[in-house]
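Participant: As a plain string of letters, each chain reads:
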Amino acid sequence: MQGGGDIKAEKTSPPLDMRILQGGRAKAAFVAVALLEALQAAFLVLSALQIGEVFQDVVIDHKIATALQATWLFALFFGLRLLIVKAADVASLRYGAYVAERFRSRLLSSAKDSDISESELGFLSTDGLTYVVTYVQRLVPSLTASFTVTPLLILFVFFHGVLYFVEILVGLAVLPVLMIVIGQATKDKAAQKLEATVSLNALYLDTLRGVGVLNSFNKAELQVKSISRSASELKKTTLSVLQIAFASGVALDTLVSIVVAIVAVSIGIRLNDGGLSLGAGAAVLFVTPEIFLPIRTAALQFHASQDAVAVLDRIDSHDPNNSLTFFGKGSSQACLDKLDPLVGRVAIPYLVFDSFGFEVPERSIYVDLTTSLEIGEWLGVTGASGSGKTSFLRAITGEIPFHGRLRLAGSDGDLHNILQEIAYLPSRPGFFDGTLRENLSLYRGDCSEKEIHEALELVELSYMKFRLLDRVLPSGVNFSSGERQRLALARVILSRRSLVLLDEPTSHLDPKVEAEVVRVLREATKESVTVVVTHSPHVASECDQVVVFSEGKCHLRS
Amino acid sequence: MSLTKLGSELFREKRWSVLGYLSSGALAYLSPGILFAFSAYLLAKSALKPGILTLGVAIGSVRFFAVARGASLYGERLVGHSLVLEYAARVRVELFRALANVVPHRLFPGVFAELTASLNGDVEETQAFLLRVLEPLVASGVSLVVAIAVATSFSVSFGVVTALGAVVMAVSIPLLGYVIATRSSRSNQSVRASAYRSASSVSDTFSERRLLGSDDFLLDRLRADTRRFAQTQVSIGMFSGVVALIEAVALVLTVSATLYLGVKEVASHRLGSVYVAVVPFLLLGVFEGLLTVAVELSKVATFKVSKDRLNSMLSFKKRSLDRNPSELPGHGPVEITLTDVTFSYPSSEKPVLKGVSFIVPRGEHLLVTGPSGSGKSTLASLIMGGWLPNRGEITIDGVPTSELSEEEIARHISYLGPEPYVFEASIEANLRIASPKATDAELMEVIDQVGLLSWYLSRGGSLGSKISMRQNSLSSGEMQRLSIARVLLRGAKTVLLDEPTANLDGENEKIIVGLINDLFLGATMVAISHSEIFRSMFLCDRYVELSDGRILG
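Same order as they appear, the protein sequences are chains L and C.
Residue numbering for the first sequence follows UniProt numbering, starting at 1 and increasing by one per position.
Residue numbering for the second sequence follows UniProt numbering, starting at 1 and increasing by one per position.
A few of these clues could be false.
Cut-off 30 Å, straight-line C-alpha distance, at most; resulting in silico cross-link-like pairs (DSS-like, lysine-lysine) [said to hold, decoys possible]:
1) C:Lys317 - L:Lys225
2) L:Lys236 - C:Lys354
3) C:Lys304 - C:Lys5
Worth flagging that the hints you see were computed from the coordinates, not collected in a lab.
Next up, chain C with everything else stripped away, as it sits in the complex (with noise of 0.2 Å):
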């Protein structure tokens, strides 16, 4: 999926929309210019003394075409945004669904946090192009070649001049505001994006930083950086200018020269006298429309950024299979084996894992503890199938990893990771998200049994309650009990864990891993972590010690 295929998709359905839209643009950008040269013509003819229906003719016209102007106005504007929010949503809607293919798998965590911060803003940049300056170009594309169409019906010296302006106007001039405005634009990205960096130091840091006293070096940093950028973008700003007073000199030249050119075609009988200034009115209205769409070519650069990461993200992918999934029989406990797997990242050569063997049968519990960077983390991407091994075979249930599709995976693992994650939303739905049939009693015992049934009642004592990670409803302690809960709430048969206590104090640790051992008796389980309290009460059957890749003793 990318965003150009998204868009013909919606033009395929919404064609008659997207038409007019269009159309009704270049009503609007040709409206004015029809207003005024009727007016022209209107006064001209008037001072002629015309018979009176002329003369009621010209005033209903230009009265129509008042009114015509302000309803193409809103046409264009309200199918256009309705068009464009549209697609926002059908953009918004696929990044989820990519998103959802590598996460929390296939992704590192930071990776993912800078993915989504920069996701709001790259949609509305999108936004912004297809308003301000795809349309616009169009509609008045469309408009210059009516207005070139009526200068030549006049005369063929007025559509010449007409089309020489329309082709500085909208093709010369914005094009070298385009070159310009790239590079300046290209400049400005990077100085926006460290004065990013820089400001999401200055709040990371800011424990430590408000300790340091005078010489606050990050805080000079932001400074200097906000500064540059506020510089690049007057400059911008300047460039933007500098363009658009070309843009006016273009227009003043053509208005000047049809003007001049009518009155010469008057003056040799080749044009009617009261002619003479219907083709510079209606250039000057028509011509006026481009003035804005030439300034607004600078947020073509920004746009070429942000559609480049919208479409790096659409194109994440599940793993690819090579034939038809395997499905895996039964709903019970599984039995998992590991035959020799060795595995590196894509991006790198080192090997994390070095010829890992171990078989967790049915039902038995087996703990993998190492030092940080051993490779406890990947082991648990590889068995949930997010990747698969270089070398070696992981087998659930006798079938390997390479023939199961991730969802398949899941269904019969419950997966528990180390970072928590609370949805602003209820308690109820925070944990229904693990089974949607779950009755209010169920949610009441699943509550209790992770020992947050104080907490509960400290909320209101209700499932509808609100809670989110931003107003810090729970503490990282709590949060990782309300994950503990979905899992016992799903009644998994199958359980990784993955540092599940990694947040939580010693007393609550021990009777987390305690209803562990006691929820979890029937389920096979395989727990990583590498805390003292969680490696001398869990129960296990097997136990398994990772040291830089390889399986120690």
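Chain L on its own, in the form it takes in the complex (with noise of 0.2 Å):
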């Protein structure tokens, strides 16, 4: 907890994340919006030098057909404005959604390897990557217009009087420093701040997921209180983080107000003093809240630009080219030496495990086997629940790094090809949003109805033959577990693959069914090898070696 904080406290974002100029129309992009911010700084001159126009004829000159002219003028000059800023509004839109792009397809990229949540790559790759087009949108207009429409229009300022130009500097001077006082007050409240709001939350989901506990045992009233308590501690928490980016924002806002106000009032006073011609007084007036816009806007947009930001992070995390947790860059594949020439032999093993083996060390794990397999052979793996029985399978395919070496016949050893080679079921099979047919055929798209029909009968699902078309709803909820389990089963006949990993098949199964479905198992499984972790004796007498996980290590049983 305390990490995550520091982590958060320690980085100091700029303004502008310079991930967002990556990729070659990026940079054309930002550059294009910045023309167009420079543009329409120069219309809002035109149209602020007709609107001095007019007060000049109407007070001063008593011209109205000349006013009227100006009026016109303005019209169209800051009806020009506008229109630009709509384009440089919509360039982008357009550059935010390139680079939410960019983004999406690194996501999806490492999606394809590494276990992301489904509420978290649900909401990365559509919600979060829409922050991203939203800070783009809002920032780099302002940001852009920072440096082109301010020293344009402060240009314009110093050549009507150098004193409001000196006004304007200081005001434009403070700005940052206010900005930087504030971003220290804010910089470890925010942090701390949000770091309990994260928290907060997550204990009314827990709260919440757990009701149905809380009512067996009458105690969901009284957990009203504490549900109440922490809603009005989040209230509290992210009031007084807001607060303080209120009172910055505020105070930006009211320090422009106050040199808008300063600059009216010495215009004023020169006008007075007959040192000013009216026109320009209020050509200069029009200006000056102008000046500050831009500035202001990425002001507000840089606190509010967290969220993006933190996706960016996220999906970066996730990225495998930028960490090394997951497997397949540095730990298992290198493991993985090219098969060796196993011609020559009796009996050809299929599977070798050699010196092959893992760690978990929180839970005192270290395990070492050597044995091979053969062609239709299935091997036991037993133990206490805890003992490591599902690492072993976790090992085999990779997802947690082992050493030692892994080998199947045919394959070429490379991971990759082997993990084509596997049909893995794991205790809880996953299922999908589409038929059921698509979910029977996960492995292999191409199985025929009639394969389909005979693996249902296998598993003793024969009335599903009628509901191929029917819809799975998300992780299969829409059917019991047992149901779901013997589905997984077919799934697993129908792939044909040579290497079948199967994590307690028959935990779901009525115990008649078990000797049944074990017995049509072996019988699918002819052409393969198959690894089973069981604790049920009936499965673990039906192989043909069975390795024990106890106390932290393993041994090999014939």
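From these two lone chains plus the hints, build me the complex, please.
Facilitator: Rendered as structure tokens:
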């Protein structure tokens, strides 16, 4: 918890996240927006001059005809200016979409290999990236305007009088100082409070998910008080962060208003002295708030940009090229040698474990196994829960790093190819939103109707034959756990892959069905090697070899 | 309870805060206009070289409005967020209450999971709607009325043009924007839902999908869905851009029209020349705030979907009782009888249970077995009072469940379901749910009884150690043992076990069945299981086998 807060506090993110400038079209888009902003500033100056003209004509010179003409010109220039502003907004929107698209493809290529939770993947790939679009769309115009519009307008003011120029410069100089002071005050507090907010939110969801348990003990109503407390705590912490954020926004705003007021007042005093024409004064007054507008907007975006930057960080953290946490790059692939030539032996070992092992230090599990399996053989894996049985399967699929060697005849030893030889039945099989047929033919899209019917008969689900076009809801919630287990078995049977991994394949089955299913599975895996994690004595007795996990070690029993 | 009702409750209690919020909002919208208008007046006046007093007042006013703008902005944001967060807090509490009414005996676990997943986003959507759409609309509406009044005080024609501009900018164009946004947001919602489904397909099948190699069609589908989502987002953005552009044109036309009229009025001596720019500058300031409101209207459509979902959750009620609930006398083990019970879920016609009758006398143990889909878990929901039979009757100590509240039944019958839940909290807190007053020694005793002692020691041997499901502090077997420990700790006299060993391996399962046999010796017990080990070891007095909703034999 402390760590997370520290990282956030240490990182002073620049107003512009450099990642949005990556990619060929990004820089061009950035320049295009900047040019549009400069153009709109020019039209702003033109309309300011016309406003000044109207003032001069009406109040001082009493030239109504020229004043009306200036009014038309003002409408024209000001309208054009707004048109260009909107064009710059649209350009930024497109730009944002481009940046988001780049990050989307990065996210999806990391989703291939790393286990991102469904809510995170769903969020990041949709709404999360929308934050990024919004961030670019809002920040880039104001940021580019800060270094195009602002200097241009300052120059304009300079020509009208050094005094306003100095006043505005002081305002501009105070602005960053103010921002730094506020930023310093916000930084630590925001990080802390963000942490608190996140954990309080998690607490709420946690209580909500466990409401069934609370209810069984009649404790739900009691928990209302603590929910209410955590909800108001959430309110309090959020508010205290907002207080600073708002105070800073408002301080900037007030500063700008005061500078405008000071400029207005000094124009007034000079007009009173006769040192300035009313037209010029009005034009200066008209542009003064616009000088600060881009910087103010950019500064406000700076507070709001945290969401988008967090999304970008998140996507980066999932990219396997950026982290070493996952398999493939450093660990397992290196362990997979080229397959030895296994010709010339009487029985060809199909799957060879050569000092194959893995470690789970926090559970003090250190596994080291050497054995080989022939085609059609079953390797049983038993042991108490938590002894490392499932980790063993995960090591075979490279999901956790392993040492030693694992060789599969027929594959060239490359982990990527071995993976395509594996059919895996996890203890909680995965189902996806699609038809039942699609779910069954996950591993092999070209299964025939007949094959599917046969597989369903084998797992005693004949009645599903007529439901192949039914929709499966996410996680398969519209099937009972027993049905899901059997459907997943059918999927493995249909896969025709040469290495079959089964994690507790019969745990949801009725005992009568278990013996039958094991018989069927043995029949269906005649052409494969099978590794089966089980606690069922019946399944273990059917295996050719059994690895027993206990006290952090494993030993082989034939 | 509904969102509107919660809102009006909050309004009644905090009327002054709400009014303060809205009026500071209106002030915030008005103040830049006033600042601008005053400055224009000051300039024109100064050019005519007035007395020092007039100049002084004008200077003071300009500064005052500059500061007032800041203050009202700060007030608006702070009071607004405080109110909206308070509202969100109340909505959260009510959502919890509503869900507590139907979980676990009346709501399917899958539905429940889906609801909790969307819940946080929905609450946030509601907050965004209140802060960025509703309040700005009301506040800018008030500021527009003031602006129209001020304009009319100078000249009726100013007032007419301002009102016209206000109607176009605050009503017509936003309405147009809303219609377009609603249509595109609705399709956006369905695209988003489909992207989320694809994402859940991708992460759900992670173990299998990694083995798919290059033809990973699930990932391709997610890619297509999210791309479609992004495209809809961009087109919504473009629509908003068009709306904002029309707004900008309307702004230019209105401001220029007042400027033009001003010049004309001055020419015909109906208006002092110093006032020529007051109204146009006022409008320039006031209308600028409106520009953002129209764009934010695309949020209304997403809010509507969230609102409907939240309202449907908030309407969850406990099973209603025809009259005042009865109470069960005594605290000992109960007797449970089922007489010709037939039941089908409200949404379907197919009966799940057909004419089921049995009796579990006080202190006896009944085992219910049967293949999956035979109605075993439905039986458990019925006994716990989540549903009432369509025909027949279930009684507890002679009292029909139709006369008992679910709480009263839960007070006498401890339920243990197949899906254990562990809270992200200390071991101690996780256990004390069952019995808040239990001593540490009692906690240690049940931990030992369910065979979690070595696990407990590996967690640092402290009751205060934090555990959670997310961090895999417990295997699924250990989680179920913890649930059983809760039931033991409660000192339950009647226990309903629904597949209690579904997640335990052979050795552990034997230990647990043994413990159940030993520890609930005098209790009334209904155990539902299809496990061979459970069936062979569980010491039962009676035995019922269900098949397709009927009792066999």
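Participant: Hint by hint, say whether it matches the structure.
Facilitator: Cross-check of the supplied hints:
1. C:Lys317 - L:Lys225: holds, 19 Å
2. L:Lys236 - C:Lys354: With a Cα-Cα distance of about 54 Å, the restraint between Lys236 of chain L and Lys354 of chain C is violated, given a limit of 30 Å.
3. C:Lys304 - C:Lys5: Holds, at about 16 Å.
Checked against the numbered hints above, the structure breaks only hint 2 and satisfies the rest.
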